[in-house]
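Line order of the protein sequences matches chains A and B.
First residue of the first sequence? That's 1072 in my numbering, and the numbers climb one at a time after it.
First residue of the second sequence? That's 3 in my numbering, and the numbers climb one at a time after it.
There may be inaccurate statements among the hints.
[As the list claims (entries may be wrong)] Under the rule of at most 30 Å between Cα atoms (straight-line distance), these lysine-lysine pairs were calculated in the BS3-like manner:
#1 B:112 x A:1153
#2 B:112 x A:1210
#3 A:1163 x A:1229
#4 A:1163 x B:112
#5 A:1163 x A:1153
#6 A:1229 x A:1153
Since the hints were made in silico from the structure, they are not lab data.
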Amino acid sequence: MKIWMIAGSLTLVGLIGATSLDEPIASAPPEQWTLDPVHSTAMFRIHHAGAGRFWGRFNEVTGTVDWNRTNTDAPNFDVSVKADSVDSGNEKLDGHLKAPDFFNAREFETITFESEGGTRLEDGRWRIVGDLTLLGVTKPVTADVEITGVMGSPVVAKAGWEARFEINRSDFGMDWGIDRGSLSDDVQLIIGLEGGIEPGG
Amino acid sequence: MLESILMSVGLPALLMSVIVTCFWWPKAFAGGWWGRGTVVIVLVGAVTVSFIASVGLPAWPPSQKWHGLVWFATALGILGLVDTTVHRDQWAVRMFLAGLVGLSASWLLKLPAMSQLTVGCAIGIGAFLTAMTDARGGRGLTMLGWGWASAAAISMLTLVTGAISVSLMAGALSATAACVLVLAIIFRARSVGEIGGGALVMGGLLTALALTSYSYDYDTVPTWAWWLSLGSIPAVCLFEVGAFARWQGLSASIIRFVFAAALPVCAILLNWSLIEGALSG
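Work out the full structure, taking the sequences as your base and the hints as a guide.
Quick look at the structure:
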């Protein structure tokens, strides 16, 4: 009798276990990944004087990503970039970029991106839709996101994402140099993020 | 950058010079209200055209705080035109108008990390002090001279902060003041020597431009340099006290100009290494 009870219990556990392997793929709650500001960056690329492509970056990127590594749902991003952390590699140019003509960092301290889901393109790649707020103007943007890696250990789990999207900066009221052709209107943004989950997080 | 300077400094100064010429050349306008009002129109016009050339038509409400500069300039222009009708001795009316300048500044020009009270008081005081120098005749040419120097200093210091559009607006004001000064000498426009309103506008615009640049700066320019760039305003007021006030004539105008312009020129010279760096960037 005891043997049958144990066998019956194991079968029940097995059945529940089997069910839990199939079901959570669609319904598992997202895990919240806190972005690592040291290993996250936001880069932008703009056409300068109709000639070269110029790169700049923001050094202070913070936020969270809601994503469950066991399912295929698109991650949800809540990313904040400090506008005065803009870094072009040239101090004088940084001054101009922080000034009212460009990012107006005194008035608009952060640039934010909040996504609202998206569609799966292939394994580990999604097209997400979200709101970008720049210079106090919020516009919907579409970004292609890929997972660049997931590392799990008993101590901490880490994951990386890379998002690419293109905007017309004039949509946000950043017009300097467009009419004279010194800087292009379209800007490509590449956001490299790394987030972690601490034990118990 | 050269194209920006031509469009946002050269073009406004050229347009305003044409306007001045049109109003001062015909003798019918020479001594009338339009002769004096022209100075107000061109000073405000220079800043406005420069803004439009750099940024485009201003939106209401302003999409960015500093865009309020152009709306404030418009209000200042209206008050400046009213001021041209005020008699020299009606200092209480001038004080009232300067108060309205301060009020309009606190409403229209909101600056980051600066209270509306500070903005209104600073710009109102700047406008009041310069307007009081208008209370006596023969100050128009001097005002254009020190206004040119002060606006040039603000323009150069603002260039260091990276706020190029604001720098070009101050540059347009400076270039226009210089052009009007030259045209006044060419046309021997006595009315310019007796202007009222031009100084109220000059004081209001200079203080507003300096305050805007200061509020957006990341400590790249020392605070004392901004004070020096506006030093012309209290300096020219000193010449309205006691025996100095009765001092008239060309020599008095030249001394007033040299003394008042010396402070902004010092602001430029003492920060030349910073300005040179910004100009070469």
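Hints and how they fare:
{"no.": "1", "hint": "B:112 x A:1153", "verdict": "holds, 22 Å"}
{"no.": "2", "hint": "B:112 x A:1210", "verdict": "holds, 24 Å"}
{"no.": "3", "hint": "A:1163 x A:1229", "verdict": "violated, 36 Å"}
{"no.": "4", "hint": "A:1163 x B:112", "verdict": "holds, 26 Å"}
{"no.": "5", "hint": "A:1163 x A:1153", "verdict": "holds, 18 Å"}
{"no.": "6", "hint": "A:1229 x A:1153", "verdict": "holds, 23 Å"}
Comparing the model with each earlier hint shows a violation of hint 3 alone; every other hint is respected.
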